[in-house]
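Number of protein chains: 2
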Amino acid sequence: MSQSPVLLAGQWRAADASSIFHADNPATGEKLPAEFPVSTWADCDAALNAATEAAAVLRILPPEQIARFLTRYAERIEARKAELVEAAHAETALPKAPRLGEVELPRTTNQLRQAAAAALDGSWAMPVIDAKLNIRSMLAPLGPVLVFGPNNFPYAYNGVAGGDFAAAIAAGNPVIAKAHPCHPNTTRLLAEEAFAAVGETGLPAATVQMIYHIAPEDGLRLVADKRLGAVGFTGSRAAGLKLKAAADAVGKPIYLELSSLNPVMILPGALAERGEKVVEEFTGSCLMANGQFCTSPGLTILFAGDAAEKFIAGVKAKLESAAPTALLSSGVAKSLSASVKILSDAGAELVTGGSPLGGNRFANTLLRVSGDGFLAAAEKLQTEAFGNASLAVVVRDAAQAAEVLSHLEGNLTGGIYSDTTGKDDALYEKLSPLLRLRVGRLLNDKMPTGVAVTPAMNHGGPFPATGHPGFTAVGIPAAMRRFTMLQCFDNVRPHRLPAVLRDKN
Amino acid sequence: MSQSPVLLAGQWRAADASSIFHADNPATGEKLPAEFPVSTWADCDAALNAATEAAAVLRILPPEQIARFLTRYAERIEARKAELVEAAHAETALPKAPRLGEVELPRTTNQLRQAAAAALDGSWAMPVIDAKLNIRSMLAPLGPVLVFGPNNFPYAYNGVAGGDFAAAIAAGNPVIAKAHPCHPNTTRLLAEEAFAAVGETGLPAATVQMIYHIAPEDGLRLVADKRLGAVGFTGSRAAGLKLKAAADAVGKPIYLELSSLNPVMILPGALAERGEKVVEEFTGSCLMANGQFCTSPGLTILFAGDAAEKFIAGVKAKLESAAPTALLSSGVAKSLSASVKILSDAGAELVTGGSPLGGNRFANTLLRVSGDGFLAAAEKLQTEAFGNASLAVVVRDAAQAAEVLSHLEGNLTGGIYSDTTGKDDALYEKLSPLLRLRVGRLLNDKMPTGVAVTPAMNHGGPFPATGHPGFTAVGIPAAMRRFTMLQCFDNVRPHRLPAVLRDKN
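Chains as they are written, first to last, in the working numbering: chain G, 1 to 505; chain W, 1 to 505.
If you are wondering where the hints come from, they were derived from the structure by calculation, not from laboratory data.
A couple of the hints might just be wrong.
Identical chains blur together in the list; that is why a pair holds if it fits in one copy or across any two.
To be verified - Cross-link-like lysine-lysine pairs, in silico, BS3-like; alpha carbons within 25 angstroms at most: (1) K242 - K226; (2) K380 - K242; (3) K430 - K242; (4) K423 - K277; (5) K316 - K446; (6) K226 - K430; (7) K504 - K446; (8) K423 - K380.
Given only the sequences and the hints, what does the whole structure look like? Please build it.
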């Protein structure tokens with residue numbers, strides 16, 4: 001079988017490849033037939049040159065045209081849904097329904113349509129006009145955006161279709177997508193539809209480019225390249241931090257979504273009032289997509305006592321009665337084993353699970369540790385165990401809960417369950433300010449999985465959940481502002497101003 | 001004479017000092033009498049602890065109280081104007097009038113009052129409410145902000161009174177100010193008024209803290225400390241990049257204003273139409289404050305020909321007829337000599353000046369280089385010569401002008417002068433898009449010095465002018481957003497929401 005072509009400079013062409021790779025079917029462990037190239041620097045260089053030219057055209061196109069592209073692309077994805085669902089299922093083992101076909105694919109096209117609406121609306125640019133001084137400013141496209149998609153959302157975070165892609169394009173930037181090597185075929189199908197929509201709507205041909213895989217050193221070189229405007233990355237902390245260092249060294253904006261434990265604190269009143277319901281919600285959230293969400297609750301904080309023991313026993317029973325399915329890849333399975341070992345070695349005790357089951361499956365896992373134990377090894381015990389494993393921290397009292405919260409790293413989300421009649425309010429008032437500063441999204445009485453695509457969403461948070469606490473990856477138009485620069489026009493003659501900055505506005 | 005105390009944890013107290021230093025009077029070269037301490041890590045640590053406590057109180061204070069503080073502080077600065085002007089004049093050699101008393105001090109109090117108005121107004125927080133999903137978000141205070149002030153604006157950028165200070169406080173964060181060691185006494189006077197205003201308006205006592213000087217390694221440790229929310233730095237590229245690396249490594253937001261050449265391109269029609277006027281504007285801008293503005297025009301691009309030669313000769317004559325005064329410090333004088341040597345060694349030819357004159361003065365300097373010469377050493381020839389020196393690049397034609405522009409680093413500003421009847425319009429259309437991407441503020445027919453304090457201002461720009469092209473250091477409320485985090489509230493019970501996120505809004 002011949003290698004799949006890459007999408008570069010307005011054409012599907014053979015990669016300049018250093019080697020080839022195959023994706024695996026994680027459910028069967030079998031190598032999938034299609035061959036994909038690992039691109040060399042020559043492909044990266046060609047992408048950067050073509051993107052630079054496309055950027056110059058895109059930044060002066062009418063927003064209507066960009067919106068038409070995003071809408072048309074959404075329609076084309078819907079038209080090819082059956083094939084996309086088959087491809088993603090084969091490459092990720094995620095269920096075809098409801099997950100891939102009924103949840104993630106519609107979310108993806110919804111994001112593209114919200115981005116289209118925001119491009120048309122134009123308020124994302126935050127124009128400010130001082131007519132008296134004749135000084136005006138707005139946010140403007142930053143230039144080519146490189147998007148690295150993660151393994152866990154083959155559509156909604158895909159480099160060539162997901163949230164970063166939609167935000168970057170809607171703000172007027174071309175995208176160079178780096179596929180996740182676990183789902184290259186899904187990415188190829190999406191890129192085909194994106195490129196067809198580019199052609200239909202008359203955008204510059206290199207508005208969308210896509211490569212499958214590159215060597216790590218080329219990734220570092222790419223993010224630091226002068227031709228690039230910004231980078232969006234969703235993935236592992238280790239890879240993300242290396243890219244961040246390379247980008248930071250040359251002052252390149254890089255927006256990262258890295259690991260997150262999404263701590264959930266369950267106050268005593270909530271357990272007393274509705275312990276079984278909370279067990280159900282917690283277990284459901286932990287097992288959603290086998291725990292392979294960036295917002296999966298990896299850490300829960302309980303107050304020592306009978307109710308906490310009952311909660312743990314309840315979760316244990318539920319975890320043991322649910323049958324784990326294959327994880328996203330053999331890499332995820334290995335990494336989960338390694339993380340659970342780090343947690344155990346650092347003092348966490350296994351309540352249930354803890355072992356691989358073969359076939360890229362891992363036993364549903366709960367660990368526990370006392371507040372003292374957590375504080376003695378707080379860094380190690382915040383190792384992300386990406387997958388179906390979670391750690392319960394059982395604290396002695398409110399003071400120790402506060403101490404645990406103040407040792408938390410930055411997270412995307414954090415939640416607090418409390419009694420509905422006010423019995424936990426004093427505890428909430430004491431503890432919630434500490435949690436608030438460590439998370440991007442604070443929840444009440446609700447598990448963190450499920451990221452609504454609304455302008456009010458923050459899918460971001462303090463380091464190391466992301467690289468900057470001021471930005472979000474989900475939520476239009478805020479997510480678009482990541483891919484812009486602030487441009488001021490001082491005494492610029494009226495006919496030379498961008499339309500949105502002219503006096504009539 | 002005893003050491004001046006530092007302002008830490010709500011009191012003026014003796015520093016934990018490793019050594020002492022004095023400021024110089026740059027006009028006379030004499031050491032000024034007051035002794036100031038170089039603080040050890042113990043002082044930094046105390047400041048961080050006190051700021052953490054103050055932050056928790058400040059973030060829930062009514063905005064009216066923060067506004068009252070900023071207003072009261074402005075009034076107190078005005079009441080102590082005579083003493084502040086004497087102090088700053090002695091430490092910087094900047095003229096008492098108009099510069100210090102009539103321009104910079106009013107600008108500083110204006111900034112504080114604009115910040116007060118923005119704190120009251122509240123729209124800086126950009127609240128977004130999705131009442132249907134009960135998801136809400138806003139920008140919220142980030143935590144203690146460390147502000148490093150520069151040497152060149154003893155009031156308007158001072159760590160304890162300037163734009164970063166005002167923006168950080170207005171957004172609800174305490175400030176730890178690091179004085180610039182060239183004007184410690186001015187900073188002490190300002191800090192006294194700030195602290196008195198803190199007391200009068202009932203803010204937490206550690207809302208404002210100030211230390212004079214620290215060892216470089218303590219600076220790196222400070223910016224990386226977990227207790228700190230963010231950093232504002234205005235100063236040299238070398239120092240700024242070291243702090244940036246330390247902050248980036250731990251994902252700490254750091255906002256830098258570093259070097260900038262502020263290129264001005266003068267198109268042929270403008271010279272033909274009003275060459276003498278442009279000579280006058282350019283020279284005036286170059287010599288303003290002895291060229292010690294971050295927006296001083298350090299690079300001008302001319303098109304080869306008689307008009308360019310006449311422009312250069314005109315500037316030469318004006319520079320030679322103006323008497324240079326003392327630079328801000330002996331350090332600035334030394335650094336200017338060194339930079340001019342780098343430019344000369346890289347192929348620039350001296351048109352006039354180029355030598356120190358004694359008494360911390362430097363001859364008004366113009367250098368020139370051809371477009372070919374510039375392109376052969378583009379990096380070295382973009383060395384900032386902070387002070388009264390500027391480089392003219394004489395390009396062959398439009399193509400070479402485009403090439404020169406595409407080799408420019410990021411700058412705060414860039415300007416284009418063109419004929420008023422449209423003769424330069426084709427050149428403008430070709431060249432301005434290239435300049436636009438490399439600068440934060442694009443000017444027409446106007447020199448870059450003079451940064452109006454208006455919401456439409458962008459005093460920022462692409463790296464290495466700053467660390468991120470999306471933020472501005474001047475212009476309320478945009479400047480405040482640097483010191484915030486995005487906080488989302490998902491399903492949070494109504495009475496627990498910040499007031500601005502409740503349904504009635």
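How the hints compare with the structure:
In this homomeric assembly, K242 and K226 come within 25 angstroms of each other (Cα to Cα) both inside a single copy, at 18 angstroms, and across copies, at 21 angstroms. In this homomeric assembly, K380 and K242 come within 25 angstroms of each other (Cα to Cα) only inside a single copy, at 20 angstroms, whereas the closest approach across copies is 29 angstroms. Neither within a single protomer nor between protomers do K430 and K242 lie at most 25 angstroms apart by alpha-carbon distance, with minima of 37 angstroms and 38 angstroms respectively. With identical chains, the CA atoms of K423 and K277 are at most 25 angstroms apart within one copy only, with a shortest distance of 18 angstroms there and 76 angstroms across copies.
In this homomeric assembly, K316 and K446 come within 25 angstroms of each other (Cα to Cα) only inside a single copy, at 20 angstroms, whereas the closest approach across copies is 71 angstroms. In this homomeric assembly, K226 and K430 come within 25 angstroms of each other (Cα to Cα) only across copies, at 21 angstroms, whereas the closest approach inside a single copy is 48 angstroms. For the identical chains of this complex, K504 and K446 are inter-copy neighbours only, at 23 angstroms across copies versus 46 angstroms inside a copy, given an alpha-carbon limit of 25 angstroms. Taking the shortest alpha-carbon separations for K423 and K380, neither the intra-copy value of 34 angstroms nor the inter-copy value of 67 angstroms comes in at or below 25 angstroms.
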